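Peer 1: Sequence:
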Amino acid sequence: MQQSLIELLPKIVSEGKNEVKKILERAASENKMLLQTNEYVLPSKEKSGFFRGEVRKFSEKEWFNRLIYGDNLFAMQALLNGDKATGLPPLRGGIDLIYIDPPFDSKADYRTKIKLPNAELEKKPTVVEQFAYSDTWAEGTVSYLKMLYPRLAIMRELLSDRGSIYVHIDWHVGHYAKVILDEIFGKENFINEIIWYYRRWNIAGTTFARNHDTLFLYGKNKGHHIFNQLYIPKSEKSSAQGKAWKSIIGEDGTRRSVQTDEPTKGVPMPDTWEISMINPVGKERVDYATQKPEALLERIIKASSNENFIIADFFGGSGTTASVAEKLGRRWITSDIGKPSNMIIRKRLIDSNVKPFLYHSIGDYQKESFEKSDISKISELAKIVLKLYGAKIFEKKETPANVGYKDKNLVIADSPNKITNANTIKRALEYKQSFLGGWNKVIILGWNFSPDISYQKLNKNEIELLVIPPDLLDLLKKKNHKDLENVRFSSLQYLTIKTPIISDSEQAEMEKLTIELENYVLLSPDILPLDDANKAKVKSIVEKNPLDLIEYWSIDPDYDSITFRSLWQDYRENKYEGRDGLRVVHNATLIVPRKQDKRKICVKAVDVFGFESACSVEV
Numbered sequence: 000m001q002q003s004l005i006e007l008l009p010k011i012v013s014e015g016k017n018e019v020k021k022i023l024e025r026a027a028s029e030n031k032m033l034l035q036t037n038e039y040v041l042p043s044k045e046k047s048g049f050f051r052g053e054v055r056k057f058s059e060k061e062w063f064n065r066l067i068y069g070d071n072l073f074a075m076q077a078l079l080n081g082d083k084a085t086g087l088p089p090l091r092g093g094i095d096l097i098y099i100d101p102p103f104d105s106k107a108d109y110r111t112k113i114k115l116p117n118a119e120l121e122k123k124p125t126v127v128e129q130f131a132y133s134d135t136w137a138e139g140t141v142s143y144l145k146m147l148y149p150r151l152a153i154m155r156e157l158l159s160d161r162g163s164i165y166v167h168i169d170w171h172v173g174h175y176a177k178v179i180l181d182e183i184f185g186k187e188n189f190i191n192e193i194i195w196y197y198r199r200w201n202i203a204g205t206t207f208a209r210n211h212d213t214l215f216l217y218g219k220n221k222g223h224h225i226f227n228q229l230y231i232p233k234s235e236k237s238s239a240q241g242k243a244w245k246s247i248i249g250e251d252g253t254r255r256s257v258q259t260d261e262p263t264k265g266v267p268m269p270d271t272w273e274i275s276m277i278n279p280v281g282k283e284r285v286d287y288a289t290q291k292p293e294a295l296l297e298r299i300i301k302a303s304s305n306e307n308f309i310i311a312d313f314f315g316g317s318g319t320t321a322s323v324a325e326k327l328g329r330r331w332i333t334s335d336i337g338k339p340s341n342m343i344i345r346k347r348l349i350d351s352n353v354k355p356f357l358y359h360s361i362g363d364y365q366k367e368s369f370e371k372s373d374i375s376k377i378s379e380l381a382k383i384v385l386k387l388y389g390a391k392i393f394e395k396k397e398t399p400a401n402v403g404y405k406d407k408n409l410v411i412a413d414s415p416n417k418i419t420n421a422n423t424i425k426r427a428l429e430y431k432q433s434f435l436g437g438w439n440k441v442i443i444l445g446w447n448f449s450p451d452i453s454y455q456k457l458n459k460n461e462i463e464l465l466v467i468p469p470d471l472l473d474l475l476k477k478k479n480h481k482d483l484e485n486v487r488f489s490s491l492q493y494l495t496i497k498t499p500i501i502s503d504s505e506q507a508e509m510e511k512l513t514i515e516l517e518n519y520v521l522l523s524p525d526i527l528p529l530d531d532a533n534k535a536k537v538k539s540i541v542e543k544n545p546l547d548l549i550e551y552w553s554i555d556p557d558y559d560s561i562t563f564r565s566l567w568q569d570y571r572e573n574k575y576e577g578r579d580g581l582r583v584v585h586n587a588t589l590i591v592p593r594k595q596d597k598r599k600i601c602v603k604a605v606d607v608f609g610f611e612s613a614c615s616v617e618v
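The sequence shown begins at 0 in numbering that gives the first Met the number 0 and counts up by one.
Derived by calculation from the structure, the hints in this document are not laboratory data.
It should be emphasised that the depicted structure is a prediction, and the values quoted were computed from it without experimental measurement.
Heads up, the beta-carbon is just placed ideally off N, CA and C, and yes, glycines get one too.
Just so you know, not all the hints are guaranteed correct.
Taking lysine to aspartate or glutamate and the EDC-like style, the derived pairs with C-alpha atoms no more than 16 Å apart in a straight line are [said to hold, decoys possible]: (1) Lys44 to Glu510; (2) Lys177 to Glu192; (3) Lys594 to Glu510; (4) Lys326 to Asp286; (5) Lys597 to Glu617; (6) Lys440 to Glu463; (7) Lys538 to Glu18; (8) Lys177 to Glu121; (9) Lys407 to Glu463; (10) Lys282 to Asp212.
Quick list of simulated restraints, FRET-style, between CB atoms [stated by the list, open to error]: (11) Phe434 to Asn30: 41 to 51 Å; (12) Glu379 to Asn485: 42 to 52 Å; (13) Asn307 to Lys20: 28 to 38 Å.
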C-alpha cells in the first residue's frame with residue numbers, strides 16, 4: 000500500500016536536514032560556492048544612438064543590488080559565503096525580508112512565445128529548466144516538499160534577527176508547506192496567514208471559484224520582527240468626519256474605547272487583501288505568465304522593512320520584488336533559474352532607471368552538477384564525454400584521460416571545473432603538434448567558454464570548438480540511458496563587430512566611439528529547445544537576418560578583462576522614438592573620456608534563447 004504524505008513527512012524532513020547540514024559544512028570549508036560576475040550594469044539604454052555621461056568605475060566598497068542566474072540553492076550558498084571580489088560580506092543573518100513565490104502548479108506549461116520581425120516562435124524550457132522543474136514534480140507533492148525544505152532552511156540562515164519571510168502559495172500544496180514551515184521556523188514564530196483575494200471572471204462549474212492565494216508570514220524571532228502597521232484608507236467623505244479612537248482603563252479597572260480629536264489613519268490592515276490582478280494592457284505588465292502586481296509587493300515591503308533594508312526574492316520570476324524594492328528605497332537581491340526570467344528582469348530594471356546593479360551566475364554550475372552525480376572522478380567523466388562524441392580512447396597509460404581521437408582528429412574533453420579560454424586553445428594546438436603527430440586538427444569539447452576567445456582569428460582547419468550538452472550530467476543520473484543515444488555536441492555561438500571608429504568630440508577631454516554589429520552566428524539550431532517547425536523558422540532567420548535573433552546587446556568601452564560593465568545597452572521592446580521593438584539597433588555612438596593609449600572594447604550579446612556571446616577588440 001502506498002504511503003500517505005503524512006507518513007512520508009518524517010523522511011522528507013530527515014533528508015532535508017541532512018542536505019542542509021552538508022551545505023552549512025561546506026560553507027565553513029575551503030570548497031565554497033562562489034558567484035561569477037557577468038556584468039556590472041549601468042542602466043543607460045539606447046536613445047537615438049548616443050550615450051553621454053561619466054563612465055562610473057566599479058567599486059567594491061559600495062553596496063550593489065544583485066540579479067543572480069542559476070539554481071537558488073546554489074545562489075543562497077554563495078550568499079552565505081559572501082563575495083570578496085565585489086565587496087559582498089557573508090550574508091548569514093544579513094537579509095531583513097524574504098518573499099518567495101515558488102511554482103506550485105504541477106501542470107504549468109513554461110513554454111515561451113517569441114515574436115520576431117518575420118516569425119513567431121514557441122520555445123520550450125531550456126534543458127536546465129526542464130530538469131529543475133521535472134525534479135521538482137517527479138513524485139508530485141513529495142518531490143515539491145523535498146525541493147522546498149533545504150531552501151527554506153537556508154533562507155532562515157540568511158534572515159536577520161529582525162527579519163521576516165512571506166511564502167506565497169496556493170491550494171495545491173499550501174497545507175503541507177505550512178507543516179514544513181512550522182518545522183523550520185518554529186510554530187511559535189508564525190505571524191499571519193494572509194489571503195490575497197483577486198477578482199476575475201468566473202464560469203459556473205462544479206466547485207466554488209478559486210479566487211485567492213495564501214501567503215504564510217513567519218518571523219525569524221517573533222516579537223523582534225519589523226512590523227509597520229498599515230491602514231486601509233477610508234473614503235474622503237468618511238475620513239473627513241473620522242476621529243481616532245484610543246483604549247483607556249477606567250477607575251474600576253475596565254477597558255473602554257474613547258474618541259479623540261485626532262483624525263483617524265484608517266482601518267488597520269486585516270489579513271485579507273483585495274488587490275486586483277494586473278491589467279492585460281497595464282503599464283507594469285512584462286508578459287510573464289505568473290507576474291504578481293506591484294501593489295501586492297509594495298504592501299509586503301512597506302509592512303516588514305524600512306528604507307535601506309535588504310530584501311530578497313529567490314524565485315525572481317518577472318522581477319516585481321526587485322522593482323518595487325528599488326522604488327521604495329530598499330536594497331535587493333533576486334535570483335531565478337530561468338534564462339527568460341533573467342532577461343525580463345534585466346530589461347525591466349533598466350526601463351525603471353534603477354541604480355547600477357550586478358548580474359551574477361553561479362561560478363561553478365557544472366562543477367556542482369558533477370559533484371552531485373554518481374561519477375567519482377573527472378577522468379571518468381572525460382572518458383564518457385569522449386565516447387559519446389564517438390572518439391576512441393588511447394590505450395597507452397601515459398596518455399591523459401581526457402584525450403582521445405576520431406578519424407585523424409585529436410579530441411580533448413575539458414573539465415566541468417574549468418572555463419575553456421584562449422590559453423586552453425593555445426595549449427591544445429601545442430599538444431596537437433607534439434603528441435604523436437600527424438593530426439588534421441584538434442577538437443575541444445567544453446562545458447563553459449570564455450568571451451576572450453577571438454573566433455575570427457581561429458583557423459577552422461586547425462581547431463574546432465564544440466559545446467558539451469548542458470543536460471548531460473542530469474541524463475547520466477538516470478537509470479535509463481536511452482536518451483544518451485541522441486546526445487548532440489553543438490558548435491559555439493559567436494558575435495562579430497565591425498572595426499570600431501574613434502573620432503573627436505566637441506569636448507577636448509572626450510571622444511566619440513562608434514560601434515556596429517556585423518554578424519551573429521548561432522550555435523547549432525538542431526539543439527535548440529524547439530520543435531521542427533520552429534527550427535525551420537530559425538534556420539531561415541539565420542540565413543537572411545541573423546542579427547534579428549539578438550535579444551539585447553551592451554557595450555563596455557573600457558574593458559579591464561575582469562568585470563564587464565554594461566555602460567550602454569539596447570534591447571528588443573525598447574520602443575524609444577516609435578521603434579517597433581522587435582529588433583535591436585545595430586550601431587551606437589558613445590561619448591566617452593579620451594584615452595591616450597589603446598582602448599579595449601568588449602561587446603556582449605544575448606540572443607532570444609538566452610545564449611550569451613561576447614567580442615572584444617583593441618583600438
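Peer 1: Compare the structure with each hint and give your call.
Peer 2: Hint check results:
Annotation: proposed proximity of Lys44 to Glu510 is violated, straight-line Cα distance about 19 Å (limit 16 Å). Proposed proximity of Lys177 and Glu192 is supported: the alpha carbons are some 10 Å apart, at most 16 Å. As the CA atoms of Lys594 and Glu510 are separated by approximately 8 Å, the hinted pair is consistent with the 16 Å bound. Taken as a hint, the Lys326 and Asp286 pair is broken in the structure, with Cα atoms around 21 Å apart against an allowance of 16 Å.
In summary, the hint linking Lys597 to Glu617 is supported, as the alpha carbons are separated by about 6 Å, within the 16 Å threshold. Annotation: proposed proximity of Lys440 to Glu463 holds, straight-line Cα distance about 8 Å (limit 16 Å). The suggested pairing of Lys538 with Glu18 is violated, with an alpha-carbon distance near 44 Å, which exceeds 16 Å. A threshold of 16 Å between alpha carbons decides the hint, and for Lys177 with Glu121 the separation of about 36 Å lies outside it, so the pair is violated.
Between the alpha carbons of Lys407 and Glu463 the distance comes to roughly 13 Å, so the proposed pair stays at or under 16 Å and holds. Among the hinted pairs, Lys282 with Asp212 is inconsistent with the structure: their alpha-carbon atoms are about 23 Å apart, more than 16 Å. Judged by the Cβ atoms, the range 41 to 51 Å given for Phe434 and Asn30 is violated: they are separated by roughly 32 Å. Evaluation of the 42 to 52 Å hint for Glu379 and Asn485 yields a failure: the beta carbon distance comes to about 22 Å.
Hint check: Asn307 to Lys20, Cβ distance near 33 Å, so the stated range 28 to 38 Å holds.
Hint compliance for this structure: hints 1, 4, 7, 8, 10, 11 and 12 are broken, all remaining hints hold.
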